[in-house]
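S.K.: Take a look at the letters that make up each chain.
Number of protein chains: 2
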Amino acid sequence: MKIEDYMEQLGRAARGAARLVASASTKAKNDALLAMAAAVREQRERLLAANAEDLQRAGAAGLEAAMIDRLTLSAKGVETMAQGLEQVASLADPVGEISELKRRPSGIQVGRMRVPLGVVGIIYEARPNVTADAAALCLKSGNAAILRGGKEALASNQMIAACVRQGLLEAGLPEAAVQVLDNTDRAAVDLLVAMPQYVDVIVPRGGKGLIARVAAAARVPVIKHLDGVCHVYIAASADLDKALRIADNAKTQRYGTCNTMETLLVDAAVAERALPPLAALFAAKGVELRGCERSRQLLPNIAAASEADWYEEYLAPILALRVVDGVDAAMEHIARYGSAHTDAIVTEDYSQALRFLREVDSSSVMVNASTRFADGFEYGLGAEIGISTDKFHARGPVGLEGLTSQKWIVLGDGEVRA
Amino acid sequence: MKIEDYMEQLGRAARGAARLVASASTKAKNDALLAMAAAVREQRERLLAANAEDLQRAGAAGLEAAMIDRLTLSAKGVETMAQGLEQVASLADPVGEISELKRRPSGIQVGRMRVPLGVVGIIYEARPNVTADAAALCLKSGNAAILRGGKEALASNQMIAACVRQGLLEAGLPEAAVQVLDNTDRAAVDLLVAMPQYVDVIVPRGGKGLIARVAAAARVPVIKHLDGVCHVYIAASADLDKALRIADNAKTQRYGTCNTMETLLVDAAVAERALPPLAALFAAKGVELRGCERSRQLLPNIAAASEADWYEEYLAPILALRVVDGVDAAMEHIARYGSAHTDAIVTEDYSQALRFLREVDSSSVMVNASTRFADGFEYGLGAEIGISTDKFHARGPVGLEGLTSQKWIVLGDGEVRA
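Protein sequences appear in the order of chains Y and W.
Residue numbering for the first sequence is 7 to 424, as defined by the numbering used here.
Residue numbering for the second sequence is 7 to 424, as defined by the numbering used here.
The shape of chain Y in the complex, shown without the other chains (with noise of 0.2 Å):
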């Protein structure tokens, strides 16, 4: 079949699903969701196998070991892949959820219900949990997904695909509720993007690469995460022994996610006291510390940081350190060089905490924790689709609610408009 006529039987089929999973009941998406888990548990010899394959593959094709990680299947990941589907079968059901409802003058009651999306196209890299995740999660909130990994994993996610199809028939959900291409050519993304008769939101996951692609060629709108320059500011007023907590906290426990913090900027009042602390405990961790002028003064021994660090997602044991003279600088500086995703401030001061939680136009703002929160299970979500460091439409961590969007209803008893 030409691919063009692939991806459109593949989105009508997908809009046809979506009004059925729209109205399906709370029960029936459970239902689904634990017969996945099942299937899932009960295939799990099969899936191993199937992932062995694709890593056979990626193994010959010379895949750099981090991708391969990122593959490999273990008999413990299908079972947290299992207790996933369960765990978003447990989460509450966000559709027809009416909040706001008020009566207005003329009578009628007005509120809001909230409402699936639609189709839900989602396009991600080599990893097959992604899978099991996104396919529950647009479920769950009550929309049609089409599925589309990476080329390395397609026989993995064909496998956890055909246990997705077992679940929805078990429910007496539509099969086409969850769609997994099993087409990896790149012109099937392309087309995906590009079908606003058929899909409605676009949620990329992976790489800077493909979500630079993806929002260049979309037609639809796009949930979209790029940079996470995450910084921690220590102001004048920090408590010490919190602002060293949340530094290392921030930095060191795990340095490849986006909410690692990449800069830390130090007020110069307390530059004198906190430096040499910070300093020997990121020596102790072997965290290379670039600094700016001022903090050179302090700390002779660190490297030089040039402009461009400041813009840097290292993503690795390296953090960008400034000195700088107060809130409003530090704000100004991560306003200039920040990504809009995670900043937190460590401070005791009341006013500060407060101009700094409202001024920085960031998607998670912090006051006195660890950067590393800003995550969809931390903040209680149950599940993320991802984290948009977009503005409009859904911000930061992506749950169930993001999935969805809000109508207006009216409840009259006859009423007219004078």
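Think of the hints as simulated: they come from the structure by calculation, not from any bench.
One should not assume that every hint holds.
The list cannot tell twin chains apart, which means a pair is met if one copy fits it or any two copies do.
As the list claims (entries may be wrong) - In the SDA-like style, the derived pairs of lysine to any residue whose C-alpha atoms are separated by at most 25 Å in a straight line are: (1) K248 - L304; (2) K82 - L61; (3) K291 - V276; (4) K157 - E14; (5) K230 - E407; (6) K248 - Q115.
With chain Y fixed as given, assemble chain W onto it according to the hints.
M.R.: Positioned in the frame of chain Y, the structure of chain W alone reads:
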């Protein structure tokens, strides 16, 4: 100056002003709005003179009557404009509102804070009052605005812009918080909608041609309003008095608005009782009916509807009429031919009302109320920047809240991630 440089300069100024407006106090914003209202009243004669100039040019150019009507500012119109500014000042400030603050097991408190979108670009036709309305809504929601009105209203818009600037200056806010283009070259629009570095969202207000052009050229999100093919479905269990009152009001209260009913669906079970009085009512008001075959068996004198009629937004005293079998057939018709704007059911059946509310995928879904209520003022938003038929971000009437987004805030006391 080259148009590219002009737009670059405008965009840069807007981006700079946006940060100041985002953190402006409610008092400063309200002071500015009240000062704008005072300026509009003070400058009434000059405003009317500028408008007369526009009208003279429009007359010479042979503009059609409806357009001249929208372009015309009367003394009363000027007063309405001033009152509109004052009304927006009286609305609650959405910026900084914190909601859903919850403590998580880790100890952090997680919530959301409402924040401005940044820079809003508004593109509209020859309706000078939109200049004041849009400026007020953008300012109150903490956004900087770039306004581009129709060239026919250039003189009027420049006078209103002067009043807006005066208000901003009196309140100590940056002039660039609201910029009104004095270049009405179409190239300016193409540039405005494709400057993601300076503009965060575009709101086109006007006819289908304008909106389609903007949507096609846009490189930033667009809050848009397409067709308003609105339905009223009179169900088998409808109270006939309410049904007649609602059908009458939904069609005849105003013919040219987007929330006017364009197709009336009547359940077969009540057709015999409902159609004759409906026909009489519409005949008395000069509304032409175009019916399906089954409706013409009961009303042999009405015209036959063609397939194209079901898709039509008449914006005129014409109504398409169709007899349907049950709520499923009605919802099927709405899903197929409707524009997802506003649809209403008239019914006394509780389960049917719930199904219609939940399953009809329109920006406003109503039970026993006239579609004409779909409006920012009627919904209690205070004012509206437009009605969105998109699903993404904002749906239906868009007021101050639709011009904001929510970021996450985390209040900690030194917590780190385990």
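S.K.: Each hint: holds or not?
M.R.: A quick look at each hint next to the structure:
In this assembly of identical chains, the alpha carbons of K248 and L304 lie at most 25 Å apart only when taken from the same copy (21 Å versus 79 Å across copies). Taking the closest pair of Cα atoms, K82 and L61 come within 25 Å of each other only inside a single copy of the chain (17 Å); across copies the shortest separation is 75 Å, beyond that limit. With identical chains, the CA atoms of K291 and V276 are at most 25 Å apart within one copy only, with a shortest distance of 23 Å there and 78 Å across copies. Taking the shortest Cα distances, K157 and E14 sit within 25 Å of each other inside one copy (20 Å), while across copies they are farther apart (42 Å).
Taking identical chains as interchangeable, the C-alpha atoms of K230 and E407 lie at most 25 Å apart whether they share a chain (16 Å) or sit on different chains (22 Å). For the identical chains of this complex, K248 and Q115 are inter-copy neighbours only, at 16 Å across copies versus 49 Å inside a copy, given an alpha-carbon limit of 25 Å.
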